[in-house]
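Undergrad: Spelled out from the first residue to the last, the chains are:
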Amino acid sequence: MDKRDPFRHNVLTAGHRACSGCGEAMAARMVTDLIGPEAIYISATGCLQVFTTHNQQSAWQAPWIHSVFANSAAVASGVEAALRAKGKDTPVVVQAGDGGTFDIGLQCLSGLIERGHDILFVCYDNEAYMNTGVQRSSSTPHAVRTSTSPPGRLSQGKQQLKKDVISIMAAHHMPYAATATIAYFPDLKAKVEKAMSIKGPRFLQVLSPCPLGWVHDSALSVTVSRLAVETGLFPLVELEYGELTGVMRLVEQKPVDEYLRPQGRFKHLFNSQDGAMELRHLQALADTRIRRYGLLDAHTQWDTAHAMQSERHGRGGYWRGSEHGR
Amino acid sequence: MGEAVTGGVVNMAAKLEIEPGSSNAYHTGDWRTQQPVYQNKWPPCSQVCPASEDIQAWLALASEQQWQAAWHKLAERNPFPATMGRICYHACESACNRKHLDSAVNIHALERYLGDRAIALGWSHKSSCDEARTQRIAIVGAGPAGLSCAFQLARHGYLVTVFDAQAEPGGTLHSAIPDYRLPKSVLAKEIDAILALGIELRLKHRIGKEISERDLLDQFDAVFLAIGTRQPRPHPYDDGTGKAGSSHRVTSGLEFLHRLNRDEPLIIPQQVAVVGGGNTAIDVARCVRRLGADVAVVCAQDPHGTHQQDLATEMPASLTEVIEAETEGVQLIYRAGVRRLVRSGAHLSGIEIAHVDRVHDRQGHFNPILFAGTEAFVAAELVIFAIGQEADWQGLEGLQQTTEAEGVWVGGDAVSKSKLAASAVGSGYQAAMSIMASLQGKSLVFDAHQKTKITFRKMQLHYYRKQLRREGEMNAQRLDGFKEVVNGLAEHDAVDEAGRCLSCGVCFECDNCWHFCPDAAIIKKEDGYAVDYDYCKGCGICAQECPCGHIDMENIETPAKASTS
Ligand SMILES: Cc1cc2nc3c(=O)[nH]c(=O)nc-3n(C[C@H](O)[C@H](O)[C@H](O)COP(=O)(O)OP(=O)(O)OC[C@H]3O[C@@H](n4cnc5c(N)ncnc54)[C@H](O)[C@@H]3O)c2cc1C
Ligand SMILES: Cc1ncc(C[n+]2csc(CCOP(=O)(O)OP(=O)(O)O)c2C)c(N)n1
Ligand code: SF4
Ligand code: SF4
Ligand code: SF4
Ligand code: SF4
Ligand SMILES: [Mg+2]
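Just so you know, the sequences run in chain order A and B. So for the first sequence, the working numbering puts the first residue at 1; every next one is plus one. So for the second sequence, the working numbering puts the first residue at 1; every next one is plus one.
Accuracy of the hints is not assured; some may be wrong.
[Said to hold, decoys possible] Straight-line C-alpha distance at most 25 Å; calculated BS3-like pairs for lysine-lysine:
| no. | chain 1 | residue 1 | chain 2 | residue 2 |
| --- | --- | --- | --- | --- |
| 1 | A | K254 | A | K86 |
| 2 | B | K442 | B | K184 |
| 3 | B | K417 | A | K189 |
| 4 | B | K419 | A | K189 |
| 5 | B | K99 | B | K442 |
| 6 | B | K189 | B | K419 |
| 7 | B | K417 | B | K458 |
| 8 | A | K163 | A | K254 |
| 9 | B | K126 | B | K442 |
| 10 | B | K466 | B | K99 |
| 11 | B | K525 | A | K3 |
| 12 | B | K184 | B | K419 |
| 13 | B | K99 | A | K254 |
| 14 | A | K254 | B | K525 |
| 15 | B | K99 | B | K451 |
| 16 | A | K267 | A | K254 |
| 17 | A | K189 | A | K3 |
| 18 | A | K254 | B | K458 |
[As the list claims (entries may be wrong)] Sample of chain B residues lacking proximity to chain A, with all beta carbon distances greater than 10 Å (derived):
| no. | residue |
| --- | --- |
| 19 | G373 |
| 20 | K466 |
| 21 | R470 |
| 22 | A543 |
| 23 | M553 |
Simulated from the structure, these hints should not be mistaken for lab results. Just so it is clear, CB atoms sit at the ideal spot from N, CA and C, and this is done for glycine as well.
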């Protein structure tokens, strides 16, 4: 057991093989430490599963199961049903990539929700099939370069739009579905804790920058995720039984350029006429999302400035009980 | 699989064929080409504070309401917080990084708050030495430079005697600064606290008069000369009496203030002109207003804010002082120089002024050119020249020539270019360090982290909340006598204001690096953080997201073994 840190379990411990600066590793480390080591974790195939279980070495300091790419939600449903039969209330948590959620895992996930299992499904959304070499997924945003959506004469990167998965989830009339990202730890913490306090199916989509696939400096993962929110491209919202119950208000809307420029996957947009049009298109998409969720004028206690604040002596750690220190 | 099945129940005790190990066995630290290092920096406020206070450190303590600890931390470099908080022109605030977020931290108001609290509660300074020493040091001048040096030496166990020609200690702070800016009782209490360290004070002792230079050298192991600049620079105009100098019609700013501060009777006519553009000129003018007369300040330079590039042609007085003076009805005449005193017989009726072209000559000396045909008359029955002052070395000619190697140090206004109280305090500190090093046969060492500077560009200002700056209230009845113009902060405002400090370059335990490391390579401890270089991949996120720029990424040949915040 890794007990290096007196303030945290490190459910996902060190020595994993994620790329330097991996946003998915960061997100999973935060989420699993917020939930704790008493849960049963099910991972779909994907980067997170591969880089945490290499060469007979596991980075998981909690019970952990690897499902195949498509069926993590089904495996979790079975685990949860078995626990229920045994009268146990051990939390069950699924972790999957966007491929394992938006695409190949979608029908199993839909079934899980529809059957009403008491499970938290966390999607680490890095907007492509990263583990197999950056192929486009239905989560990949419009105009992004991937290995299967190269820009050229016929298109400026991916032609289609990013699938609006949070609306699909909400349409299941599920108890809790929310979006979050690594840049705003207090927000992520509040959402994980809220999800863990609710019974039934819950869904969390965590935007997780990938320095390799997004082609940005490894130091910029947090910065890029923050800009995704501040530009309005990735709204942070909460939906309960289909109703919008929370949004993170933007104190200031940043132009999408600020988000796109540091990322090589958008580089082709900055040197052509067609690219310029796609830039306008991406800006229009951000504006639409801002309008749709009222990101600039919502009456909320949370806003992007508030959720960023650093405070002397920490923002509080991972323990919910007082017996674990501060 | 080697599991044993008995009656449909899996025997959990049986071993798996492939036993999983922990990824901790694999040291991803080998991957990195750069690594984070926790490194304290020296913030801009402290870089420019002439007393080199560790402002960030005492603000942090103040924000936690550890008032006494904060006061001790401040006093380490400046034993005059209540005084300095009132009269220092606070360069620290002009340099404060917080102005790039909203507005500078109100450092001077907090300095004053701590000093006032110490006075009210009678706190005493701590000695930082338990060794009894036998060496004796003489200090000439009980101004801020002399007393700061005495404070440091006494704290370190030396036997200190301070000589001053005057009847009261405090130097120029006591003799020239008006009460509405610095009540005498505040200065006296801070001096008492310094002297309480066991310093001997001999007033009315002028070196070269009551005691000779020779005696000083014979009786003491080291001498520090901090004699200030107490000799007004002579003005070149005669006032009708046939000789240049001082009379009831023409005087110097210093003389005027000295007499006022000694409560001597002064006859002030209805119209007064003050010549000069420095802080002394403004002080004199504001005092004259308080005595009920009209006053015009004739200054060779332009107003503040007119010469962004070339500050040398702006009025040198502090902007806040100028604004306060104007509010109090002081008239300012810019870019004007005196041609002559205008008399009708023995009666002085005013001065003739003219437009100033160039203020400084090629050598950079103050040497204004006045244009003919631009003359104007300013009515005044009293003209006060506040055009500078010099050190008075009379009786000290021998010591003036003696070097540090021979046991004589010099500091404060008498020799520094910057004529500020905080510079005098800093100069006294430096002299004390140098004297102690010399007496102990050691070489001078300064804090290493003071070399690493930090600018706001290295910081992530979006992590901080905007917060209104707290100010001390202005006194509404201020022209009624010599009451203090600015009031102190209330306790709750002091806490909030101290909390506005961004802690530039110094970890304030926000947890960002710890939360964001994707590799669990940052360990949070009871007292800070440590990088676990076995696992750090060198991504740079911790350094990028540290709000205060405490973390540096350095390129490496060989991976480091440990760094703690
Ligand atoms: C009107 C006025 C207003 C000012 N306002 C401010 C202000 O608001 N803020 C600021 O930062 N600075 C201000 N200053 C400047 C500040 O007062 C000086 O920088 C500071 O006092 C210098 O300290 P010092 O210890 O070097 O000398 P001083 O304070 O001048 O002390 C020197 C002492 O040495 C004594 N002495 C001299 N010769 C002998 C001798 N031979 N034997 C024994 N004793 C001797 C003198 O009696 C005197 O007490 C002001 C100055 C003036 C004139
Ligand atoms: C049925 C099936 N098809 C394809 C694969 C190959 N495969 C493994 S991981 C992966 C991509 C995973 O993408 P995503 O779910 O987004 O996770 P990421 O690696 O991006 O975190 C693919 C295509 C597989 N394991 N199983
Ligand atoms: S002495 Fe002056 S410059 Fe230094 S901290 Fe105090 S107000 Fe600021
Ligand atoms: S924010 Fe604090 S540490 Fe930074 S310059 Fe201002 S006072 Fe100094
Ligand atoms: S965030 Fe972690 S892995 Fe990255 S440089 Fe800092 S300590 Fe190393
Ligand atoms: S990120 Fe926060 S906790 Fe880490 S070094 Fe910087 S100030 Fe300290
Ligand atoms: Mg993916």
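Undergrad: A separate judgement is required for each hint: does it hold in the structure or not?
TA: Structure-based check of all given hints:
1. A:K254 with A:K86: Violated: A:K254 and A:K86 sit about 52 Å apart, past 25 Å.
2. B:K442 with B:K184: violated, 39 Å
3. B:K417 with A:K189: violated, 56 Å
4. B:K419 with A:K189: Violated: B:K419 and A:K189 sit about 54 Å apart, past 25 Å.
5. B:K99 with B:K442: violated, 41 Å
6. B:K189 with B:K419: Holds - the C-alpha atoms of B:K419 and B:K189 are around 24 Å apart, at most 25 Å.
7. B:K417 with B:K458: violated, 32 Å
8. A:K163 with A:K254: Status holds; Cα separation ~23 Å.
9. B:K126 with B:K442: This hinted pair holds, its Cα atoms lying about 24 Å apart.
10. B:K466 with B:K99: This hinted pair holds, its Cα atoms lying about 11 Å apart.
11. B:K525 with A:K3: Given that 25 Å is the threshold and the Cα spacing comes to 12 Å, the pair holds.
12. B:K184 with B:K419: Holds - the C-alpha atoms of B:K419 and B:K184 are around 21 Å apart, at most 25 Å.
13. B:K99 with A:K254: Holds. B:K99 to A:K254 sits at ~22 Å (cutoff 25 Å).
14. A:K254 with B:K525: violated, 37 Å
15. B:K99 with B:K451: holds, 23 Å
16. A:K267 with A:K254: holds, 19 Å
17. A:K189 with A:K3: With Cα atoms ~22 Å apart, A:K189 and A:K3 stay inside 25 Å; holds.
18. A:K254 with B:K458: holds, 21 Å
19. G373: Since the minimum Cβ distance to chain A is about 57 Å, B:G373 lies beyond 10 Å and the statement holds.
20. K466: Since the minimum Cβ distance to chain A is about 8 Å, B:K466 lies within 10 Å and the statement is violated.
21. R470: holds, 18 Å
22. A543: violated, 7 Å
23. M553: Check fails; 8 Å does not lie beyond 10 Å.
Hints 1, 2, 3, 4, 5, 7, 14, 20, 22, 23 from the earlier list are contradicted by this structure; the remaining hints agree with it.
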